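**Q** If you read the sequences in order, they're chains A and B.
Sequential numbering from 1 applies to the first sequence in the numbering used here.
Sequential numbering from 303 applies to the second sequence in the numbering used here.
FYI, nobody ran anything at the bench for these hints, they're computed from the structure.
Nothing here was measured: the structure is a model prediction, and the numbers come from that model.
C-beta atoms are modelled at their ideal positions from N, C-alpha and C, and glycine is treated no differently.
Listed next, the stretches of chain B that the computed footprint assigns to chain A, with coverage defined by at least 3 CB atoms under 8 Å from CB atoms of chain A:
(1) 304 to 316
(2) 394 to 401
(3) 427 to 439
(4) 477 to 483
(5) 518 to 527
Listed here are the chains, written in short residue letters.
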Amino acid sequence: MNRRIAFPYLTLSEASTTVSCWQVSLNGGPSVPAEDYLPHWDAASTITMYRHIRVDMPLAMTELSADNGDLGMAVRVQIGTGAGRLPQQLVKVDSQDLTASNGNIHVAIEIPGECLSTVLDLFTEIIVTSGPSNASLITPSSPGDRLWQDRLRIRIEGVEPRFPIEVTDFQRLLGHIPAAESPWYLHWSPQDWSRDFHGAIRLFLNRNSEQLIERFEQQDGPTLQALLADIMSQVCERFVADHDDQGAIDAYESGTLGAQATAWLQQSWPGRDFGFTRSLLQNRPGEFRSAFLALAETREVT
Amino acid sequence: MTILLPRLPTVAAEQMLGEFLRSSPAEWSGFVATRLPDSIRFAAVGGTMISPTSLEAIRSGILLLARDCGFDGAGKSDHARFDADAAAWLADCPFLSPGEALREDVWSFFGVVMFPDIVRWRFGNAKERYLGGVRNTFQRLWLRACATDRGSIVDDRWGLLRDLTEDAFVQIIERPSIGGNRILALAIAEAWVRAVAKFGRGQMESIMRLAVLRIRILNEARSLSSLDAKALADLIDNHFNLAATSNTQAP
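This is chain B alone, in the form it adopts within the complex:
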């Protein structure tokens, strides 16, 4: 049975967020799973509403990871490690079904109601990090975990979450023709790691952007995700090589 998650409509989310951002961190009343805002909605049918206990479990799980990475004054902040750990945690979370987790209003609930304190620690007052969308603090992590999951039988299942940079993930997840196709997204992420070993991290932003642009254009005429894994990896590696060459030739 699908677990139905709370949905926070956009207008209500923006109003609540406005109030949160106008207040100091100490003024936030905290998250109380048994007392959700009036504007919260659930799907009418098709599953079971998530219990307050399960909501508390999500809150506790993420909070633990955040504190381990410096949230709440617990040492130096390590945002990149938090992102990697939280992405894997969310992807493994039994309360998040794909259908529910693809809804922006669900992630608005995460950002505005359940975790505004962690979003403020991670990104400050940037509204798009609280509201649902590909830049929502938690939605983007769940999407990147889904896109770069190597599979449960692989030893380093979530290694790409650790290895890729924020810019690399943006190039994959914020391009629907790539981010929405896990075959292509995973292949590009793996190729990015190989390209880093070859060209170094310093050049990767421009190389990645050019390579992804060309791959997107090619994918319009050619079904890249239909290729076998080796052919797809070779093709993408070749585009990274070409992008690196263009990069070195640029004035």
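Isolated chain A, as found in the complex:
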């Protein structure tokens, strides 16, 4: 269940709800456990996804305080696709009712390759379909109330949604400008903070900086720390400079460049408001930037 949301009603627990991992079959081949990357996919392929969901219905009714056992529920799977943290397009929806006598659901969904792009997004939810005849104040009762959910995103092509990084020839990339001699270059634009983070930013490593590339491939701690801190501080410094108030910042939707910058700021200064970070950047820019060097030591970008 999504712990980011404080649901205003009771939800299902792991005790009542048992869900298998997704199994995937490509072009009618044997099904195997789905991982975060599906190799060998192309637009001519057909993917079939399988999953078992078992809800202990008497226990579920107790958990939800639906004393008469007549709360209507269904398992619903939304198949989406497209790069980014949320799917750009809904491809298919599969919905099956749970009944008092049958809490076992077998999901099998066939997805034609021509509908898919970059990522296959599988969002599973157990929802209310009809309210109970007798309920407490915190019993879920409105159709659509979400009782359980999980999401799996499977990359089917390319590098996204991992942080986009590429080793390249900087003379070809940038031409004859001073930046072409730098060991790395973050390609991004602050013009649109609503843009999807993964589409808005790309880190290039200079092919001539062999030592840097070697250290990067070996995941050398200080090297990664310097790179990640540079990314975070570049984005956050401009983000703070571009915004005036907390309200504008809160409006950025999850997965956008603006939301990512906000998350980094909150991780650097938990509990502090935007006015504080703005003041810090203006008055103590060294401290502002060093905070990202510290943050980068123990974490990965994305």
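Let chain A serve as the given structure and place chain B on it in line with the hints.
**A** Chain B alone, transformed into the frame defined by chain A:
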């Protein structure tokens, strides 16, 4: 068989766009389907590369619509009509499969290589209108057509493309939790039309923004797209009504 479309990587797109924007309209060498830039890529497998003839057909189809709306000095420009007509045309275009059309590098090709002249007419020099992304001149039209398609059996299939304003489309398409769910997107678009009849166009920007914000929050806990059509329409109408009330109470 999927038709594979040309993909223009971001860095190359920005370089080419920079050159285009630095030049005058008369200096653009035009689109030649048989001579694509070196930086163009196609998916390695999974379909057939689009033919030059098909690329020319796309160019001609859009060009015809643009000229009918004032492009190239052909009368007064009617950008809104171009957007509506071109969106429907792209959604019906047999060469655009959903998987290919969801790629930003494909739309960078449209904006920078195939139609920079039309983008300049439509939006001037705003880079995000040429490069792939939800604000790309053609990507946004294809996305809005997909999201507000009433279905092939409905008489006024593309009526929402004509009725909704640019701001209304932005509120739907640029919010992934809504724009990425055609059930919810279509329901909100239809509710917008009903709200206009009730409250008038003058107030709709603020009403739409508030209603969409509240619907997005509600959708986090409640699977709105699972509701039957009538229940979903009533719920969204109610949010438009509440937003209109808040709007009139605001100082």
